[in-house]
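Protein chains: 2
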Amino acid sequence: METEILENIVFRWLGKRRDDVLQGAGVGIDNAALKVEDKIIIASSDPVTGAIEYLGWIAVHVAANDVAVAGGEPAWYLPIILMPPSTDRDELEKVCREMHEAAESIGASIVGGHTEYTDTVTRIIVCGTFIGPLVSDRYISSSGAKPGDRILVVGYVGMEGTGIIARDFQDRLRYLNEKSIKEAQRYIKEISIVEPAIIAAKSGLVNAMHDPTEGGLLGGIHEMCDASNVGFRIYRDEIPLRDSTIRICKEVNVDPLKLLSSGTLLISTPEKEVDILIERLRETGKVVREIGEIVKNPDERILVSKEGERRVGRPIRDEIWKLWS
Amino acid sequence: METEILENIVFRWLGKRRDDVLQGAGVGIDNAALKVEDKIIIASSDPVTGAIEYLGWIAVHVAANDVAVAGGEPAWYLPIILMPPSTDRDELEKVCREMHEAAESIGASIVGGHTEYTDTVTRIIVCGTFIGPLVSDRYISSSGAKPGDRILVVGYVGMEGTGIIARDFQDRLRYLNEKSIKEAQRYIKEISIVEPAIIAAKSGLVNAMHDPTEGGLLGGIHEMCDASNVGFRIYRDEIPLRDSTIRICKEVNVDPLKLLSSGTLLISTPEKEVDILIERLRETGKVVREIGEIVKNPDERILVSKEGERRVGRPIRDEIWKLWS
Numbered sequence: 004m005e006t007e008i009l010e011n012i013v014f015r016w017l018g019k020r021r022d023d024v025l026q027g028a029g030v031g032i033d034n035a036a037l038k039v040e041d042k043i044i045i046a047s048s049d050p051v052t053g054a055i056e057y058l059g060w061i062a063v064h065v066a067a068n069d070v071a072v073a074g075g076e077p078a079w080y081l082p083i084i085l086m087p088p089s090t091d092r093d094e095l096e097k098v099c100r101e102m103h104e105a106a107e108s109i110g111a112s113i114v115g116g117h118t119e120y121t122d123t124v125t126r127i128i129v130c131g132t133f134i135g136p137l138v139s140d141r142y143i144s145s146s147g148a149k150p151g152d153r154i155l156v157v158g159y160v161g162m163e164g165t166g167i168i169a170r171d172f173q174d175r176l177r178y179l180n181e182k183s184i185k186e187a188q189r190y191i192k193e194i195s196i197v198e199p200a201i202i203a204a205k206s207g208l209v210n211a212m213h214d215p216t217e218g219g220l221l222g223g224i225h226e227m228c229d230a231s232n233v234g235f236r237i238y239r240d241e242i243p244l245r246d247s248t249i250r251i252c253k254e255v256n257v258d259p260l261k262l263l264s265s266g267t268l269l270i271s272t273p274e275k276e277v278d279i280l281i282e283r284l285r286e287t288g289k290v291v292r293e294i295g296e297i298v299k300n301p302d303e304r305i306l307v308s309k310e311g312e313r314r315v316g317r318p319i320r321d322e323i324w325k326l327w328s
Numbered sequence: 004m005e006t007e008i009l010e011n012i013v014f015r016w017l018g019k020r021r022d023d024v025l026q027g028a029g030v031g032i033d034n035a036a037l038k039v040e041d042k043i044i045i046a047s048s049d050p051v052t053g054a055i056e057y058l059g060w061i062a063v064h065v066a067a068n069d070v071a072v073a074g075g076e077p078a079w080y081l082p083i084i085l086m087p088p089s090t091d092r093d094e095l096e097k098v099c100r101e102m103h104e105a106a107e108s109i110g111a112s113i114v115g116g117h118t119e120y121t122d123t124v125t126r127i128i129v130c131g132t133f134i135g136p137l138v139s140d141r142y143i144s145s146s147g148a149k150p151g152d153r154i155l156v157v158g159y160v161g162m163e164g165t166g167i168i169a170r171d172f173q174d175r176l177r178y179l180n181e182k183s184i185k186e187a188q189r190y191i192k193e194i195s196i197v198e199p200a201i202i203a204a205k206s207g208l209v210n211a212m213h214d215p216t217e218g219g220l221l222g223g224i225h226e227m228c229d230a231s232n233v234g235f236r237i238y239r240d241e242i243p244l245r246d247s248t249i250r251i252c253k254e255v256n257v258d259p260l261k262l263l264s265s266g267t268l269l270i271s272t273p274e275k276e277v278d279i280l281i282e283r284l285r286e287t288g289k290v291v292r293e294i295g296e297i298v299k300n301p302d303e304r305i306l307v308s309k310e311g312e313r314r315v316g317r318p319i320r321d322e323i324w325k326l327w328s
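Chains V and U supply the protein sequences, listed in that same order.
Just so you know, we're using the working numbering here: the first sequence kicks off at 4 and counts up by one.
Just so you know, we're using the working numbering here: the second sequence kicks off at 4 and counts up by one.
Keep in mind the hints are simulated off the structure, nothing from the lab.
Please note that a few of the clues may not be correct.
Pairs involving identical chains hold if they fit within one copy or between any two copies, as the list cannot separate such chains.
Quick list of in silico lysine-lysine cross-link-like pairs, DSS-like style, CA-CA up to 30 Å [claimed, not checked]:
# : residue 1 : residue 2
1 : Lys-42    : Lys-205
2 : Lys-19    : Lys-192
3 : Lys-38    : Lys-205
4 : Lys-205   : Lys-19
5 : Lys-19    : Lys-289
6 : Lys-19    : Lys-42
7 : Lys-38    : Lys-19
All chains, full assembly: derive it from the sequences and hints.
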């Protein structure tokens, strides 16, 4: 959604101002922090309108990720399932079973929601809300990154997009064997960052967290730096990319750093905490890398590679759109 | 949604069982009660797919009502707005302004959500979630009605349906003047039961609350009695109906007791508390009536009128469908 529409229409009026809203609706903010007397809960709503395969699985994880990056435990999920009247029982059952499996995999409970046949939708969609209590005594915002902080990445970059390409544009992948393609297709499901986000939140060592989605890793870093009013310097060679991601992106000519990257967690942390934090995050079994640092000048947004340094702008659209359009 | 599908598919698997879920998803349950350490919050999700006029207003109130009947303060709202790509700015603006006005009218804040243009919807829809803290030390369920309880009704019955008929089937209302029709059309907006529900919850005097929607007052009483495993005896002449509702329903041949009734609150309360509770509820300026009592036998569902007693079954569909189909 365009920032202009959000600012001038959607976020123009927001009901009553309440003191118990610690973080509310705003551009680039994906979760709310709400005070229940002396406790804080995190809530986030996300629709999934684009997915056909893994719809239930994806719906649960994208909303859960948004709660976890704020330092909340994604505990309670309320899905609204809307289906065209022609939807068959098996299709609904598949979505519900996937939601169950996804919720169970992160220890969450489905506590409400709504299910409806309606001719206002052309295919089955899920609008879900995750709610949960904080895992530590403070919530973490994407706006907390500070100059001098180190930028950590947990999880390989661009996996979600790689998986979608391997599934939907298989015919364009002439140099990959069947086995590699099948493996890459499974990346679509590896989108949860709840475990590392909770470890990071509990550690008390992070200044900001964010989960890059559209616009990929670079989009995510820009968003975090916009919210924090800082800049960045990142090192191309430090960014964790799977071989298959590199090869698939090369074949279809997309930039893996600007490609759908759910499943990657971005962390901004003070330099002195880096080693201990990396050690704790590695307990998840996921790849953890220090890829660069936060700088004071918000206009300084630099990617360093063997070819030298270059300024990188915010991706206008995700690279996946090159293939979809 | 059919009970069979809910039981066998939607509520079959619900992720992990968690001890902090005091009331979770289930047939006839419209809200979740969740434990945040020693506090309890209420959450409820509701889509509005059918409304064109007052969409934003209705979306906020229907979700808020479901939180309030459980004894929660509807404090924080997260709307997901989905629009066809052709939706113009004014239409979105109207929905957002109505949501703001509705939220402000009940002291709530819009704290998150999501806005998206998508070709998966054929008209603008809102999927909203309300969350809020309890206003007293316990949550109220629709399943708490006890034999001997008195049934109170707050707010005139069938107003929502009357308003919709006055707007959409005006041509069939030959015996009503323009002024009465215009007045009846405004009933559509009088759907909030937050104020009386909160007063009732704070009083500590109620055993169960419910807000009748589809199937009208009778549908709502059946739902409450099903959930509580009890029966009822209600008195036709005690049910508060506006003259315009009686006249409009007569003209189009629908039963006002089985007609859309958002804006009506149903309460089940011990006999000894009735007088004090009625006094407190009248502070809202709304009509409050004792219309009958809860009986032990779940099969005893009786409507008493001048013509005598008769058993009343659960409405299969709301009366409004007679006109829509």
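Each hint tested on the structure:
When the C-alpha separation of Lys-42 and Lys-205 is checked against a cutoff of 30 Å, the pair qualifies both within a copy, at 16 Å, and between copies, at 22 Å. Proximity of Lys-19 and Lys-192 under a CA criterion of 30 Å is satisfied inter-copy only: 19 Å between copies versus 39 Å inside one chain copy. Both within a single protomer and between protomers do Lys-38 and Lys-205 lie at most 30 Å apart by alpha-carbon distance, with minima of 19 Å and 20 Å respectively. For the homomeric pair Lys-205 and Lys-19, the shortest alpha-carbon distance between copies (22 Å) is at most 30 Å, but the shortest distance inside one copy (32 Å) is not.
In this assembly of identical chains, Lys-19 and Lys-289 lie within 30 Å of each other by CA distance solely across copies; the values are 24 Å between and 43 Å within a copy. For a Cα distance limit of 30 Å, the shortest separation of Lys-19 from Lys-42 qualifies both inside one copy, at 21 Å, and across copies, at 23 Å. In the homo-oligomer, the alpha carbons of Lys-38 and Lys-19 lie at most 30 Å apart both inside one protomer (15 Å) and across protomers (25 Å), since each shortest distance falls under that limit.
Going down the numbered hints, you'll see the structure goes against none, and every one checks out.
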